[in-house]
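A.B. asks: Hey, can you piece these two chains together into the complex? The hints should help.
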Amino acid sequence: MLVHSRTGRWTAWAGFAVLFVPLFALPLLVIVAASFSTHWSGAFPSGPTTAHYTAAVRGESLQALTTSLVTAVTASVVALTVGTWAALAAAALRKRGRRVLDALFMLPVAVPSVVVGLAVLVAFSQPPVLLNGTRWIVILAHTVLVTAFAYQSVSAALLRLDPMYEQAAASLGARPAYVLLRVKLPLLLPSLNAAAGLCFALSMGELSATMMLYPPDWTPLPVLIFTATDRGSLFTGSALAVVLMTATLLALLAVSRIRTKASYR
Amino acid sequence: MPTTGAKDDAGRSLPSWVWALPPVAVLAVVFLYPLALVVRESLAPGAYADVLGSESFRDALVTTVWLAVASTAGCLVLGFVLAVVIAFVPFPGAKAVSKFIDVFLSFPSFLITLALLFLYGTVGMANGLWTDATGDATGPFRFLSTPWGVLLAEITYFTPFVMRPLLAAFSQLETAQLEVASSLGARPLRIVRQVILPEALPALAAGGSLVLVMCLNEFGIVLFTGAKGVTTLPMLVYGKAILESDYAAACVVAVVNVALSVGLYVLYRGVSRRAGA
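Chains as they are written, first to last, in full-length UniProt numbering: chain U, 1 to 265; chain Z, 1 to 277.
This is chain Z alone, in the form it adopts within the complex (with noise of 0.2 Å):
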């Protein structure tokens, strides 16, 4: 295998280049050369301009991108305030929390929407309350199959993502600036917006750009609330491909979608090379 010094073996032993063939090759016909096809295919004539000047597919950009980036503006709120508290007011069980989290990572992510209509929806825990309190036939609670829905199941999936990389960065933060800022009078709040925050902030942008990517690309919750108000780009390309057999149409707006998240997620390489995680 791929040694560089080996000057006995200078030889016989193959460039380390050469190495790396196979495994690219085999990426190459399993994922590049599809990728191309998809180009190539959105490519037909007319195909561009019918679907970026169709109606759903505006509506289904504008849906992706501000439920992406109100997704992630959550995320980091939510995620910032639970990881502070896990960190600096540890609890009996902290570690468990944390453990908790991990696991909830590797769960997929239209279990979320699922729990969902068992709390929120129609006949969910949140309207039966409701109905039994109050004696109403239905309960208030019908978000769920609007981009609400949509966006509650996602900042509570996602948050865990903003959580690992900011208790990672909150591991490794000095104890003792802490004691020094309390002890010469700083209040909880102001330690947190002028030494932790301070620290968190890279942590935050390179958990905050994943999340955003993860957000736009979002496939499985959104199918799972079963709105026909809320299509996102992923919604669509299955539409277009699968229920209308469209594939013109679903490769351009493919197209579309990776170039949006390509585009953000070599800015989160960026931030996150420089973030250090």
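Isolated chain U (complex conformation) (with noise of 0.2 Å):
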């Protein structure tokens, strides 16, 4: 406890409320707000409406919404699968091998996202793969910005993994596949499902390399809120937020509980 007096402890709480309730809570309650209604001119919103629902699992938003769920989970497929063996991989190298493999796998962190979108556009719409205008090139650039994020978990997981098990099991003449596949891939089980969550939540939001590169039939719904706003419809923009954001929530609070069951072995 750092502040003893009463009063200082409110003053400290009253001082964390002014600057957490504003900045952090409000934002996400307004868009709430304004996504049930029509009119917003005087303090408050006003008109309560669900229409911007019922539009909001129709049609070209319902498409959208379809759209975003099959490249994130298309794309954190992809990246869990190559981040979890790159991060392998990485573990059984020496010292150097290793920060080579560290710096190439998490350039894409450091390289801003429209730039990825830059370069994946720039290289799959000449010979000899052809990709621009079809959906493929939005989930590969997807599956290049998340696999960095796949890497770092993983890798960050197995400095923390026991070698005791793996030790024992080799030991006990299990062969090098037997061990990773009963052994290792199991304990890390939890921190794969953690990675999933992240590469999940990532790719649902992403807009700046999806700006680049998407075809007109393959629109991810951030792109669709932005093009709802930038017409001027802020609330129909809004619903659909909200419906981005229940995703990602409702992905998060499924791979959150596969991840208590997993813990238990």
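Worth flagging that the hints you see were computed from the coordinates, not collected in a lab. Be a bit skeptical, because a hint or two may be false.
Stated by the list, open to error - Where chain Z lies over chain U, by a calculated footprint (3+ residues, C-beta under 8 Å): (1) 54-66; (2) 108-121; (3) 243-257.
Unchecked claim - Footprint (simulated), chain Z over chain U, 3 or more residues, beta carbon under 8 Å: (4) 12-19; (5) 24-31; (6) 34-41; (7) 205-214.
Unchecked claim - Far from chain Z, by Cβ distances over 12 Å, these chain U residues were calculated: (8) Ser5; (9) Pro48; (10) Val73; (11) Thr143; (12) Asp162; (13) Pro186; (14) Leu189; (15) Pro190; (16) Ala201; (17) Thr219; (18) Leu221; (19) Leu234.
Note that CB positions come from ideal geometry on N, CA and C, so glycine has one too.
C.D. replies: Structure representation (structure tokens):
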């Protein structure tokens, strides 16, 4: 306890509330409030309605949601596979090799997402591989962006892993493949789940690279939110934003439930 | 898979670096090769001279850097204050607040700008309160389409990225130190300055440099403000490539932006490794 006097403590809490509520709690609340209203001319929104939501689960909006979900799931699965493989391979290397792999796989974090989008667009609009105008270019860019986070989470988890388990298994005559599948991966399962949740959330909200390369028939939800707000339909945009936040939260919740189940192993 | 010490397998098992080849090959095809193409494209004759000499590029560079530096400073101050209260003046619900911060991190950044439109936009809550109270036709808050609006949004969105490492560092701080200091008569502000701040420096450095890189690369927040006056480097890349179809210029701006943020990122990795974070 840093502050012992009662008034001091209340001052600290009041200061905290004055900073925290308008900066962090209010933004999310106003988006939810706006998504249920038709006007915002006074201090508070007016004209309660659910019309934005009925529109948000139909036609173009529903298609954008499924587009986002398919993109996020595909990108996360591929990123987890590549990222886990790379992290396992890096852990078996000597120090210098590991640093090279770390640097290579962390590079997409440091490169601006817009530039990742530009690079993918430039590379796959020309032979030998033409992906421009297809959904695959969006999925590819998302995969590149989230692989770095998958790699980072898994290699952090590998550092914490007790080597005793695999040594014990190997000393009992287990083949390397068996050690990997039956000992290492089950022990890594909680962190793999956490990484999957992270990748999914990042891909669901990805806008920068997507803006550079989405084709007209593969419009993810963030792009639709942008086009809605850009033409002035702020209330439709906020209803779509609530749908996006809810979908992300539900997925994170589902992933955290798997994690608690796996940790009993 | 890669085990180094299986002697009886030595004849058949591959050296461990072979296992690293497939993922590196994938990365090379989908990321390194495209990045190399961007660099090659930027080397088109005259592209660098055109872009680096242009007013719009220099403006964007200056705007990007000062916005990123100011946002980082704001995040560090705000994040430190909030984390100190959560960690050392705990209140009922402080756990819920740190959970909320984790959730906040999983939302995309442009949601903040969207929310600010309702809070401080021309027909938002703040201006609505003003017009209701004074009877004026319009409110005084019009900063949203200026760099200050972007600054507010970036500080809001990135502060949690500073708070998380700080809270982790504070949870390892020996509370006995604080008790001793305060029993010796030190006032809370002095304890913060002389005991807590030195302990927090590595986490502040790590969080601050991460936020600096992310601010330099931020696109969604700037795009959503829709301000013509605020052009950052990522916005310039988007504008040149998609709106003007001038790929050579876009690649030049991209190379500059990558050099700036990768340079800072290398610094961040160094700092965070030293901080043990």
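A.B. asks: Now, for every hint given, state plainly whether the structure supports it.
C.D. replies: Results for each hint:
1. Counting residues of the stretch 54-66 of chain U whose CB lies closer than 8 Å to any CB of chain Z gives 0, which falls below the minimum of 3, so the coverage claim is violated.
2. Coverage of the stretch 108-121 of chain U by chain Z holds. Counting CB-CB distances below 8 Å, 13 residues qualify, and the rule asks for three or more.
3. Here's how the stretch 243-257 of chain U fares: 5 of its residues keep a CB closer than 8 Å to some CB of chain Z, so the rule of at least three is met and the hint holds.
4. Coverage of the stretch 12-19 of chain U by chain Z holds in this model, with 5 residues showing a Cβ closer than 8 Å to a Cβ of that chain against a need of three.
5. For the stretch 24-31 of chain U, the assignment as covered by chain Z holds, since 7 residues bring a beta-carbon within under 8 Å of that chain's beta-carbons and 3 suffice.
6. Restraint check on the stretch 34-41 of chain U versus chain Z: 3 residues with Cβ-Cβ distances below 8 Å, three needed, restraint holds.
7. With 6 residues having a Cβ less than 8 Å from any Cβ of chain Z, the stretch 205-214 of chain U passes the three-residue criterion, so the hint holds.
8. Residue placement check: Ser5 of chain U does not keep its beta carbon more than 12 Å from all beta carbons of chain Z (closest about 9 Å).
9. Even its closest Cβ contact with chain Z, about 15 Å, leaves Pro48 of chain U beyond 12 Å, as expected for a residue assigned away from the interface.
10. For Val73 of chain U, the condition that its CB be more than 12 Å from all CB atoms of chain Z holds, with the nearest at approximately 16 Å.
11. At roughly 7 Å from the closest C-beta of chain Z, the C-beta of Thr143 of chain U falls inside 12 Å, breaking its exclusion from the interface.
12. Remark: the non-interface label on Asp162 of chain U is consistent with the geometry, its nearest Cβ contact in chain Z lying 16 Å away (cut-off 12 Å).
13. Look at Pro186 of chain U: its CB is around 14 Å from the nearest CB on chain Z, clear of 12 Å, so calling it non-interface holds up.
14. For Leu189 of chain U, the requirement that its beta carbon stay farther than 12 Å from each beta carbon of chain Z is met, with the minimum near 16 Å.
15. Pro190 of chain U, annotated as away from the interface, keeps every beta carbon of chain Z farther than 12 Å; the closest lies near 16 Å.
16. At the 12 Å boundary, the C-beta of Ala201 of chain U falls inside the reach of chain Z, the nearest C-beta of that chain being 4 Å off.
17. Once the 12 Å rule is applied to beta carbons, Thr219 of chain U is consistent with being away from chain Z; the minimum gap is 15 Å.
18. Against the 12 Å criterion, Leu221 of chain U falls within the reach of chain Z, whose nearest CB is about 10 Å from its own CB.
19. At roughly 6 Å, the least C-beta separation between Leu234 of chain U and chain Z is not larger than 12 Å, which violates its mark as non-interface.
Checked against the numbered hints given earlier, this structure breaks hints 1, 8, 11, 16, 18 and 19; the rest are met.
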